[in-house]
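There are 2 protein chains.
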Amino acid sequence: MEQILIQPLTRKAFQPFGDIIDTKEAENFTINNGMCQRFHDLTPIETAGEDARPLINIFRCQPYDLPLELKMVERHPLGSQAFVPLSQNPFLVIVAEDEDGRAIHLRAFLTEPGQGINFHRNTWHGVLTALNEACDFLVVDRGGEDNNLEECHFSEPFLVLAP
Amino acid sequence: MEQILIQPLTRKAFQPFGDIIDTKEAENFTINNGMCQRFHDLTPIETAGEDARPLINIFRCQPYDLPLELKMVERHPLGSQAFVPLSQNPFLVIVAEDEDGRAIHLRAFLTEPGQGINFHRNTWHGVLTALNEACDFLVVDRGGEDNNLEECHFSEPFLVLAP
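Here the protein sequences line up with chains A and B, keeping their order. Note that this note's numbering numbers the first sequence so that position 160 is 160, with each residue one more than the last. Note that this note's numbering numbers the second sequence so that position 134 is 134, with each residue one more than the last.
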C-alpha cells in the first residue's frame, strides 16, 4: 500500500488547499475599550449558486485509528468548508491536488491544538478525521440546492501514518 | 443602581434575541459512514447590504468582573453576530428589547459550558463578556462598507450580578 506520512500543519504547506484558522500571524486590532482583540477575517467563506447561503453547524466526529486506510477523498465544487475544533485535540487533515478530476499527490497534516482549517472551494480533502477521542467542531459551509459533492475513490487505498 | 440578575441561558428565554449554538435539540443526521453526526444549520447568518459578506474571526476577550457596571449596549442593523467559545468557560450574554431606538428591558444570561450564541440582526446586546479568564471565541459576523454599529448609552449604569 502506498504510504502517506503525516506532517505538521503549517501555513506555507497548507496554502494551496485552504487557510489555517488561528491567531498566529493573523491581522488583529483591539475593540471594546481594549478588552477584546479581534483577529479579523481569517478566511473567505465561498458559497456559489443562486440560492446558496453559508451554514453554521456542529460536527461530532468519532475518532479514527492510525495508521488509517484512506479509500477516498471528496470535494465541494460550490463552497468552502471550515472546521474549527471546539476542543484542544489535534485532528488529521488530508488534502490532494487535482488532475483531470482525479485526486493526486495526497498529503496528510496533523493540526496543532486549537488550529482550525478552511478548505477552499473545490479542494480534494479527506472527511473530517478526529483522533484519540470523539470531538466536536464548529463547521461553516454551504447550503443550497445544487450538487456540491464529488468523490474520488481509489482502486488501492493509501496508508496514512505518523512518520 | 438598577440591578439585572443573571439567569441561565435557555432556548425559550433567548429566542426573541437570537439562537443558542449547541447540539441540544438540534436537527442532526449521520454522515461519513456513520463516523460523524452533523448538527445542521443551527442559526441563520444575516448579512445585509450590496457588498456585504460573512466573516470568520477569532475574538480574544479579557475577563470582566462581577458585579458588572453596564454603561452601554450595541446593535448591528445589517448583520447577525455569532459567538462560539473555543473553551468550556461560560460567558455572559446581555440583551435588550428595543423601544424607539433605545434599549429597554435588559436581560443577562450565563451560558452553559460549550454553548455559543448568535445575535439576530439589529438586536441590542452587550459586548462580548468573558468571565474568570481570557477566552477565545470563533465569531461569524458581517463585513461590508455600510455602518453596521449603533450604540445605546445609559445615563445611569445598570449593575449586572449573580442572583
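Among the hints, a few may not be true.
So the derived list for chain A, only partly shown, Cβ under 10 Å to chain B, looks like this [claimed, not checked]: (1) Gln-3; (2) Gln-7; (3) Asp-22; (4) Thr-23; (5) Pro-44; (6) Leu-55; (7) Pro-63.
These are calculated hints, taken from the structure and not from any lab test. Bear in mind the structure is a predicted one, so any value in this text is a computation, not a measurement. Glycine included, C-beta positions come from ideal geometry on N, C-alpha and C.
Now for the hints, and whether the structure bears them out:
1. Checking A/Gln-3 against chain B by beta carbon gives a least distance of about 22 Å; that is not within 10 Å, so the hint is violated.
2. This hint is violated: A/Gln-7 has a C-beta 23 Å from the nearest C-beta of chain B, more than the 10 Å allowed.
3. With a least beta-carbon distance of about 7 Å to chain B, the hint placing A/Asp-22 at the interface is held under the 10 Å criterion.
4. Here the hint on A/Thr-23 is kept, as its CB sits about 6 Å from the closest CB of chain B, short of 10 Å.
5. Proximity of A/Pro-44 to chain B holds as hinted, the smallest CB-CB distance being about 8 Å (cut-off 10 Å).
6. Of the supplied interface hints, the one on A/Leu-55 holds, with its beta-carbon coming within about 5 Å of a beta-carbon of chain B, less than 10 Å.
7. Among the interface hints, the one on A/Pro-63 holds; its C-beta lies about 9 Å from the nearest C-beta in chain B, closer than the 10 Å criterion.
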